[in-house]
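Visitor: Sequence:
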Amino acid sequence: MPLQIVHHPDYDAGFAVNHRFPMSKYPLLMEALSARGLAEPAALNVPDAAPGSWLKLAHAASYVDQVLACEVPAKIEREIGFPVGPRVSLRAQLATGGTVLAARLALLNGIACNTAGGSHHARRAQGAGFCTFNDVAVASLVLLAEGAAQNILIVDLDVHQGDGTADILGDEPGAFTFSMHGERNYPVRKIASHLDVALPDGTGDAAYLERLNSLLPELSARARWDIVFYNAGVDVHAEDRLGRLSLSNEGLRARDDMVIRHFRALDIPVCGVIGGGYATDVAALAARHAILFEVASGYA
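When the count follows the numbering used here, it moves up by one through the sequence shown with no breaks and lands on 300 for the last residue.
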């Protein structure tokens, strides 16, 4: 069976091309996956929008209602980084539903990936940092509530610390949050994950991969994980606008392979989400995101 990929055309909320959050990377990622032969019909799955009941497992009911009604206070919209109109609200619901669907497919097939997701700055009370709903936290709590998983590991390798995921899942005994990120990057006020590893500016392939390789056995020894959510943010890349680390394309590929190989060798399902990536050359950015799917397809 081909790698199961979750995608919806409305992941692209149609921002201006010069917006700091490059929405056009979503359709360009699908073009990149098609060019690589990964987006065949048997591989593609279309999500439904996450219902309010799922979203309220992770987020304050008042905030969820604000997003669904497109009535988010201006102060919170500024923290998110864009207005929450109908297309943004729908996109957030679909991306979250997409990560839930990808998680279910991973439990069935061993591995699956969402072409969005990784919105790890959305906290319980509100969104922030280009993140409206925290899809991985919602998906984790849905699986736990349904009894589909009892022990969930979040491996967050986006360059920014996963403060929102830590906020939502910090007191959840069925989930463990791990974030390896740039030390001197957003958010300024970090919320402690269960395990945080902060890297200095300029960290390149060798040092990054050595550190990650030393941590994976520690993570897998902590519990018998039912599923791993892997946030494969490419903003660790040397050419990322917001990253401050120095990984190459080859480093990204080695990182993704290291994570997926480690957990699949233990027969632990992996659900991949794309996380952050910021560049003016959006086609090059989409190609970086495609690396996750190329690597994951080797384990499908």
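Source of the hints: derived by calculation from the structure; they are not laboratory data.
Warning: the hint list may mix true and false statements.
[Unchecked claim] Within a straight-line C-alpha distance of at most 20 Å, the following computed EDC-like cross-link-like pairs (lysine to aspartate or glutamate) qualify: (1) K56 <-> E146; (2) K190 <-> D201; (3) K56 <-> E77.
[Claimed, not checked] Computed Cβ-Cβ distance ranges for the label pairs, DEER-style: (4) H19 <-> L215: 26 to 36 Å; (5) A238 <-> G147: 13 to 23 Å; (6) N109 <-> Q150: 11 to 21 Å; (7) A125 <-> Q150: 39 to 49 Å; (8) R241 <-> E183: 32 to 42 Å; (9) S214 <-> D65: 35 to 45 Å; (10) G174 <-> A74: 27 to 37 Å; (11) R184 <-> A69: 35 to 45 Å.
The beta carbon of each residue, even a glycine, is placed where N, CA and C say it ideally should be.
Visitor: Holds or violated: 35 to 45 Å for the Cβ distance of R184 and A69?
Guide: 37 Å, holds
Visitor: Is the straight-line distance between the alpha-carbon of K190 and that of D201 20 Å or less?
Guide: Between K190 and D201 the Cα gap is close to 17 Å, so the pair holds against 20 Å.
Visitor: Hint check: K56 vs E146, CA-CA at most 20 Å. Holds or violated?
Guide: At roughly 15 Å apart (the allowed maximum being 20 Å), E146 and K56 satisfy the hint.
Visitor: Regarding N109 and Q150, is the given constraint of 11 to 21 Å on their beta-carbon distance met?
Guide: 20 Å, holds
Visitor: Note whether the CB distance of R241 and E183 lies within 32 to 42 Å or breaks it.
Guide: 18 Å, violated
Visitor: Given a hinted range of 27 to 37 Å, is it respected by the beta-carbon distance of G174 and A74?
Guide: 36 Å, holds
Visitor: With respect to the beta-carbon atoms only, verify the hint that A125 and Q150 lie 39 to 49 Å apart.
Guide: Given about 27 Å between the Cβ atoms, the range is violated.
Visitor: Mind checking the alpha carbons of K56 and E77 for me, to see if they're no more than 20 Å apart?
Guide: 19 Å, holds
Visitor: Does the Cβ pair S214, D65 satisfy 35 to 45 Å?
Guide: 44 Å, holds
Visitor: Should the hint that A238 and G147 are 13 to 23 Å apart at their CB atoms be regarded as holding?
Guide: 43 Å, violated
Visitor: Tell me if the beta carbons of H19 and L215 are separated by a distance inside 26 to 36 Å.
Guide: 34 Å, holds
The structure shown violates the earlier hints numbered 5, 7 and 8.
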